[in-house]
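Novice: So the protein lines, in turn, are chains A and B.
Note that UniProt numbering numbers the first sequence so that position 442 is 442, with each residue one more than the last.
Note that UniProt numbering numbers the second sequence so that position 153 is 153, with each residue one more than the last.
If you are wondering where the hints come from, they were derived from the structure by calculation, not from laboratory data.
There could be a bad hint or two in this list.
Note: identical chains are not told apart, hence a pair may lie in one copy or across any two.
Pairs of lysine-lysine residues, derived as BS3-like cross-links and limited to a Cα-Cα distance of at most 30 Å, are as follows [as the list claims (entries may be wrong)]:
(1) Lys99 - Lys366
(2) Lys134 - Lys317
(3) Lys416 - Lys317
(4) Lys391 - Lys416
(5) Lys459 - Lys83
2 protein chains.
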Amino acid sequence: MLFTLGLSAQSIKSPNGNFNLTFELKDGVPVYQLSMGGEPIVKESKLGLELKDTPSLLGGFTIENTEESTFDETWQPVWGEVKDIRNHYNELAVTLNQKETARKMIIRFRVFDDGLGFRYEFPEQDNLIYFVIKEERTQFAMTGDHTAYWIPGDFDTQEYEYNTSKMSEIRALMAGAMRGNASTTTFSDTGVQTSLLLKTDNGTFINLHEAALIEYSCMHLELDDENMIFESYLTPDAVGNKGYMQAPRVTPWRTVIASKNAGDILMSHITLNLNEPCAYDDTSWIKPVKYVGVWWEMITGKSDWAYTSLPAVQLGKTDFSETTPSGRHGATTENVKRYIDFAAEHGFDAVLVEGWNEGWEDWIGKSKDYVFDFLTPYPDFDVDEVREYAKAKGVKMMMHHETSGAVRNYERHMDKAYQFMVDNGYNSVKSGYVGNIIPRGEHHYGQWLVNHYQYAVEKAAEYKIMVNAHEAVRPTGLSRTYPNLIANESARGTEYEAFVGTKAEHTTILPFTRLIGGPMDYTPGIFQTDISKINPDRDTFVHTTLARQLALYVTMYSPLQMAADLPEHYEQHMDAFQFIKDVAIDWDDTKVLEAEPGDFITYARKAKGTENWFVGRTNDEIGRTSKIKFDFLDADKKYIATIYSDAKDAHYETNPQAYEIKKVIVTSKSKLSQYCAPGGGYAISIMEVKDKSELKGLKRL
Amino acid sequence: MLFTLGLSAQSIKSPNGNFNLTFELKDGVPVYQLSMGGEPIVKESKLGLELKDTPSLLGGFTIENTEESTFDETWQPVWGEVKDIRNHYNELAVTLNQKETARKMIIRFRVFDDGLGFRYEFPEQDNLIYFVIKEERTQFAMTGDHTAYWIPGDFDTQEYEYNTSKMSEIRALMAGAMRGNASTTTFSDTGVQTSLLLKTDNGTFINLHEAALIEYSCMHLELDDENMIFESYLTPDAVGNKGYMQAPRVTPWRTVIASKNAGDILMSHITLNLNEPCAYDDTSWIKPVKYVGVWWEMITGKSDWAYTSLPAVQLGKTDFSETTPSGRHGATTENVKRYIDFAAEHGFDAVLVEGWNEGWEDWIGKSKDYVFDFLTPYPDFDVDEVREYAKAKGVKMMMHHETSGAVRNYERHMDKAYQFMVDNGYNSVKSGYVGNIIPRGEHHYGQWLVNHYQYAVEKAAEYKIMVNAHEAVRPTGLSRTYPNLIANESARGTEYEAFVGTKAEHTTILPFTRLIGGPMDYTPGIFQTDISKINPDRDTFVHTTLARQLALYVTMYSPLQMAADLPEHYEQHMDAFQFIKDVAIDWDDTKVLEAEPGDFITYARKAKGTENWFVGRTNDEIGRTSKIKFDFLDADKKYIATIYSDAKDAHYETNPQAYEIKKVIVTSKSKLSQYCAPGGGYAISIMEVKDKSELKGLKRL
C-alpha cells in the first residue's frame, strides 16, 4: 500500500491482531508507537541517527515507499529450549527519502504476537556510502514511571547486581549501584544496559533489547527521567565515535517484547527469530556440554592460576623450568586427571582447565600486551599426557583462552591456538576478556570488539570449535546464525559469590534480562556455599541453598552447563548430585509455570528426544510456597518424580545445606505445593515410567 | 670505577679521544654533555622520564655504580654501503638509584669516534615492573642558534619538504611548513622530526636521531627556542599515553653524530652499530632488488589502481565479474607481462604490481576497516598466468600490500597473504599505510604501530620475504638485526613530484636526515619529467634533470631501487638508461667526495665483488661546478668511465632532458670538473679495464 506524502500514519498489527505498530512522519521526523491489546506500550517515539561531519538522519524525510508482507516459518534450532520455533510476523518496511541530501533510509518493522522488532537499513545509493555515527537516536517513550530491573550502563562490564526501582529513582540510586570491576566505564546517572525489564503499574511486562548485533556498537539506554523516555546510547570508540558504516548496511534490530504474563517474556523467541538462519552447512560438531573443571578452586583462592609467585614474567624469556613453583598451582597434570576421572565416572562431557598456560603471574591489571601465547603450558601441565588420558576416558577437554583484554595479541595467536586445540582434544573454549581492552581507548562493547568477538566465533567454526565467551558483549540471538557461539557469561555469574556475594534474588531476574539474548554460562552447582571452608582467608558465601543450585540447571537455560564445585563437595552429597547428573541440557519443550521477576521463576522442560521432564524453581530472599500443576505431562503416562527441595528450616545464610529428596509418582493431574526457603528453590527430575516395576514402593504425589 | 655519592662527574672519551662525554647528577637530576675536539656539541642536558600515576624517573637519584668498557669488532652487513663495518666504542654504564622509591635505572653511554649513543635501561627489580610513560624528557641542549634542516613534527607523516632555517625561525615557519597528506597530525609550533641535521655557525654538523626503535614510541624533538634546547617528544597513543613498559626493558638509543666534515655524517655507522647483530641464521634469501613496476602510470593518473569507477565496493559481496570495468585499470595481465618483458630484457630482478587486488575503488579516505584481503585479484589480473610468465622469464614478482592504515585487517590476513606470495613467486612486498590508522586514535609512529611494523617484518622472515614498508615509521638501523627489512619510504619520495612537485634541493638533504636510519625506496629514474605529457589533466613536473635522476641511484643509497618511469620513456633514451642497467645496488665501499646539505652531494661507491665504481652527484636549484678527484680508484688500474651529465643549457624546469654522455679513460690520478645544472647532477659508471682493446678510440679524462 502506498501512502502519499505527509498523509496518515502507517499501521500494522501482529498476526493475532494483539499488537499494533504505528509509524508516521511528524514534520519530517520519523516516529513510531506500539500498543498491545489497545494498551499503549511505547508512546510516540522518535527514530533516527545523528551523523558526524554530515547532515544527520533525524528529519527532513518524506515517505517514498512502504511495503507490507507476512512471514510464517517454523524452524529448528541446533540446540535450544524448544524443538520448533515459529517465526511469524507481519512486516512493514518504510522507505524514507531525505530530500535535501537526496538520501534514503529504510525502517523495517516486524510485529510478532509478543512484540516488535525494527531496524534501520541504508540501501546502496550515491549520496550515502561511508558515514560515521555520532549517536543513534532511537527512543522508547514509556507510558509512565514503570518499575525497572536495571544495571548501570557501562561500556566495559555487565557484572552488576540488579536494582529494582521506579524509573524515576534510577538517578538517585546510580552512584550506589556502580561497583568496582577489572574494567568498568559508566557514562550517565540515568544510563542502563539492555536487555531491560520493566513492569507497569497495571502489571504489564516490557523488555527492551536488541537482536543481531553485528558490525555495530552495543546499545545502552539513557533515560530522560522527566519525560520517561529511554533513548539509545551506543558505546563509543577510542576517539568518541559510535559507529563506522558503509552502505548497503543494516543496524541491529531494536526489540520490544510485552505481555501481561511474565512467562511470555521468558518464552519469547523474537530475539532468535530476528537473527539470520544458521550460516553453517554442517553443525554435527556442535553439541551441548556438561562439564566440570579446574576453576572454582582458583576462584575461591584455594589454589592459583599461576605456577609461581613471581611478580612478572616475559613470555619466551622467562624459563619456567628454572623458576620456583609456588606449590599452589591448580592446573597440574595430576589434578586435571582427577577431574577427568570424576567427569568420566559421572557422565560429564568435558573438563575445563584454567591456568594451564604460561603468563598467569601478571595477567591482570597491568595493561600487558603480550600476556599469553595460548600455546605454552607450565612445566607441571603435560599437554600430551592430559590429552591421552582424557581420550582414554572418553572425556573432552575444554580449553581456556583468557585474553586479559589484549585482543590484538589474541588474534595474532588465534589460528595456532585453535589448531592446538584440535590437535589436543579440546573442542570447546571458554574465552575471557578480563580487564581494560588493548588497544587502549576501546571498550568491551564498542564496534571494534563486537567485530572481534564475531571474528573469534567464525574462525572457531573453521576449526569446529565451540565458543563460550566471558566478559564479551551480551548476546543478541546470534547463536541462531552461529550456533557454535554456545554461551556467554556477560553478566554477574556464580564467581561473584566467591568474591563478594550476590543478592539471593539475582537468578530470579537474570532470565528476564540477560538471558533474553542468549544462554549464560552461570556455572552453578555449588554445594559448599561457605567459602571460608575452602579458603580460611575468605569470609564470603554463596547466597543460595543447595536445592536452589540444582534448580538453576533448569531455570538458567544454557546448552553449556558446569558443575562448578570441587568434586569432594559433590562426593559429600551424592544423592543431591544425582540431579545434576540426570538433568538434560537440551530441550524439546519448555513451559514457564510461575514467574515474577525479582521473586521466583519456575520452569518445566522436556529433555530432547525423551519423554522426561525437569522442573526447577529459583526463589528470592523471602520464603515462599510454590504451587504448580503437572499438566504439561502426557495425560496417558505415569512418571517418577524425584523432588530435591529445601528442608523446612533451610536458609541461604544460616542453613543452606538442609535439603530433602523424595521420590513420588506423578501424572498430568498431579499438583505440588512446595516450600522454598529464602534463597532457595527446588528441582525435580520426572522420568517416564517404562516398566511398572519401577513404581514399586512409591506413592503418588 | 666507583664514585661516591654526589661527587665529581663521570667522563669517557671516544677511542680516538676526540669526543668527550660527561655525565653527572646535579641535585639528583641526571645530566650529560658532549664535546668534540674541545668544542661543546651538546651543552648540559637533562635526562629522565616522566611516568604516569607513579613517581617519575626525573630526579632524586644517586649513583649506585658505574662500569666502563670498550668494544671493538668488525662485522659484515648482509647488504650495505660498505663491506666491513667497524663497531668501536668506549662505554659507560651508570646505575642510578632513586632512594625514595627504591628503584633503579641504568643509563648506558657509548662514545664512538664520530658521536654518541645512549639509552635508558630498566633492570629487573621489585619496585619498577609495569609503568606507563607520560613523556620521555631527554634533552639535547644546543650551544647556539644553529641552522636546522627540518620537517614538522608529525605523528602520522614524514612526507614533507625540508626547511632550512635558524632554530629560532622554526616557530614562525611552522604554519607554512605544514602540508596536507592522507594522514597528518602535527603537535607543536616548534616540534620537528628526527633525524634532524644541524649546522653550527662555525661549520660543525650535528645529527640527532634514534637507533633500534623496538617496542617503544617514535621520538620527535620539541624545541625550547628560548634556550635552544631540543627535548624528546614521543608519539602518543589513542588515550594520550606515550609508552607501556615492563622491566626488564631498554629504550631505543638516542644518537648524536657530529663532525666538521659533512661527509662524516653521511658515512657514520653509529645507527647500525647500536643495533643488535643479525637475528637470522640464514640470510641467503635476502638479496638486493632492482625493479620496475606498474605504478608510475597510476601515480601520474594515466591509469587507475581500481578496476571500476564504482564509488564503493564490499569484499566478498561485490561480484567484480559482473561489474563494468572502467577501462583504466593499470594492473592487467597484459600490461604486467609487458613490464616483465622489459625487466627480463634489461636485467631487472623484479616487477612490482599495484592495483592487482580487489578493493581499490574506495581504498583511501573512508576509514574502511575491511578494505583489502590481499588475496583476491581483479578479473583482469591472472595470478597464475603472471606467475608462470615471470618464472619463465627469470623475473621475480614484487607484491603490493596497501593496508590503507587498517592494521588489524592486515594482521588478520597476513599469514595467508604471505603464503600467497610464496605460492606465486613474490619474494618481496611493498607495504603501505596510507591514511589514518585503524584502530582509530592510534598514530603511524606510536608504540602500537611500531610493534605492528616489527611484527610484519619478523613474520615475513618466516616466509623468506623481504619488506619495503611505505608510510611506516622512519628506520633506525633495525635492518642490521632484521635485514629482510630491505627499505622504507617514510619520507617524501618521487611520487610527490607527480602530485605537486618537490624542491630541487630535496635529495641534497635526505641523505643527511632520512637516510641516517636506513635506506629509502626513493623510486627515481624519471626521464619524462613533464607529467602533462603522460596525463594532460596534470600540470606538475619533476624538479630534476634527467642526468640527476641517474645520479640518485648512487646518492640515494638503497639495496632496493626502482626504475620508476614508464618503459616507453626509457626506450626513448636507451643511452641514458644504460646507467640504470649498469649501476650496482650493493657495495663494498663508499666515499663521500663532496657534500653540503641543501646544496649538493657526490658519492663514489664500489660495486660489491668487483673493481667497478659508480659516482653520483645530486645538485640543488643553483647551477654549480663539481670538482672531484678519482683517487679512490686503485693506483695500478685503468678504468673506462661513462659520464652522464647535464648539458650546458639543461635546467630542471625548462630543459630537463638535455644531457650528454661521454666515455673516457680514468685512473686514480684523474680529476673532473663538471658543470651541474639547476636541479641537476651527473652519474658515472667506472668499469675496470680487463682488456686493453677496450681502450681503443677512447681518450683520457
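Novice: Now tell me, hint by hint, if it's right for this structure.
Specialist: Checked hints:
no.	hint	result
1	Lys99 - Lys366	between (52 Å within a copy, 24 Å between copies)
2	Lys134 - Lys317	between (44 Å within a copy, 27 Å between copies)
3	Lys416 - Lys317	both (20 Å within a copy, 28 Å between copies)
4	Lys391 - Lys416	within (21 Å within a copy, 32 Å between copies)
5	Lys459 - Lys83	within (27 Å within a copy, 48 Å between copies)
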